Amino acid sequence: MFESSKMNIYSTILIILIAIYGTSGKLEVVDDDALLDLINTEQFVVVLFTKTDCPQCAEYEKALLEIREDVVDQMNAYVVACANSMLVKLYDPNKEPSIVYFRHGVPLLYVDSVYNEELLLHTIENNQEPAVRELNDENFEHITQAASGATTGDWFVMFYATNCVECQRLQARWETVGSKLKRRLNIARVNRQTTGQVTSRRFGVVETPTFILFRQGKMYRYNIPKYDVASFVTFANDWYKNARTETVPVPKTPFDDLTIQIADYLRENPWLWKLGSIAVCIGVIASVILRLNAGRVAQKKKSVKKEKAEKEKTEKSDKAKKSK
1 MFESSKMNIY STILIILIAI YGTSGKLEVV DDDALLDLIN TEQFVVVLFT
51 KTDCPQCAEY EKALLEIRED VVDQMNAYVV ACANSMLVKL YDPNKEPSIV
101 YFRHGVPLLY VDSVYNEELL LHTIENNQEP AVRELNDENF EHITQAASGA
151 TTGDWFVMFY ATNCVECQRL QARWETVGSK LKRRLNIARV NRQTTGQVTS
201 RRFGVVETPT FILFRQGKMY RYNIPKYDVA SFVTFANDWY KNARTETVPV
251 PKTPFDDLTI QIADYLRENP WLWKLGSIAV CIGVIASVIL RLNAGRVAQK
301 KKSVKKEKAE KEKTEKSDKA KKSK
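The UniProt record's numbering numbers the first residue of the sequence shown as 1 and each following residue consecutively.
No wet-lab data here; the hints were simulated from the structure.
Note that the structure is predicted; figures quoted are calculated from it, not measured.
It is possible that some hints are incorrect.
[What the hints assert, rightly or not] Derived CB-CB ranges, DEER-like:
#  : residue 1 : residue 2 : range
1  : 138       : 221       : 34 to 42 Å
2  : 224       : 290       : 35 to 43 Å
3  : 162       : 289       : 29 to 37 Å
4  : 84        : 147       : 20 to 28 Å
5  : 153       : 230       : 53 to 61 Å
6  : 165       : 251       : 39 to 47 Å
7  : 139       : 289       : 54 to 62 Å
8  : 113       : 52        : 18 to 26 Å
9  : 143       : 282       : 26 to 34 Å
10 : 193       : 34        : 30 to 38 Å
11 : 70        : 138       : 36 to 44 Å
We put the beta carbon where it would ideally sit given N, CA and C, even for glycine.
Required output: the full structure, derived from the provided sequences and hints.
Printed below as a string of structure tokens:
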């Protein structure tokens, strides 16, 4: 009985020590270079972006410490902290504290409560693959069947550009939108600048980022000036009904697409209009000058010819008088 009581005491002490360690432990802190190396080489990386003098950051760290063992054991993931990082603004407009989950280098921003540790763990475990699909001119209509509104379901698409800074900063949020809507509809993105130029012209996309919901042969443009996860999810679920309904246009013929391409190019390069206007003005002025000069030359030739005729007439008259 004494031995049994002794074992119970040891077990209690061990549990207390584990609890104390779990609550007082710290995440491994890495700098930006080390973090980028992890993102580029490891399958799964969970990062807490933190900063000095941040009481809320401690709450975020505590939440991650509670689930760290499960995440590491089940997924062989890295769970680290990055303090005062320059990278956080690429993933979260609100900055620190922020939890970003990288899957094969693709970021997902955690936007729910850190006090719900089960939800935090569930989000990490159930989003091991990127939720956003990359579409292009070759596969857009085949995969989405947007014009027919057929069998592949609804699609919420972000049109972006490689040189668009806002688009880059939206990637983590757009992945979060995909994770929240993946059981209801499909989330995708199209690069307007490179592989999705024809598709972008088809839907009249001239700026990035642009968001369009395709649903049952109709399309609804997201014109809300808020790019947070909650607004996107609300729009896709219900708010799209308040947007203007457009019929999805069929893919354009090569000639129609070429005319739109030329119009877009001129719109994006307004200096060509100015240059063309100047060239037209110069051409008109040159034409007027040439016509005036041509008229003067013709008038001069006519005068010379008239003078010559009068001179010849006078000479003939003089000769006739002399012969008399």
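* Numbered hints the structure breaks, given as an ascending list -> As far as the earlier hints go, 1, 2, 3, 4, 5, 6, 9 are violated by this structure, in ascending order.
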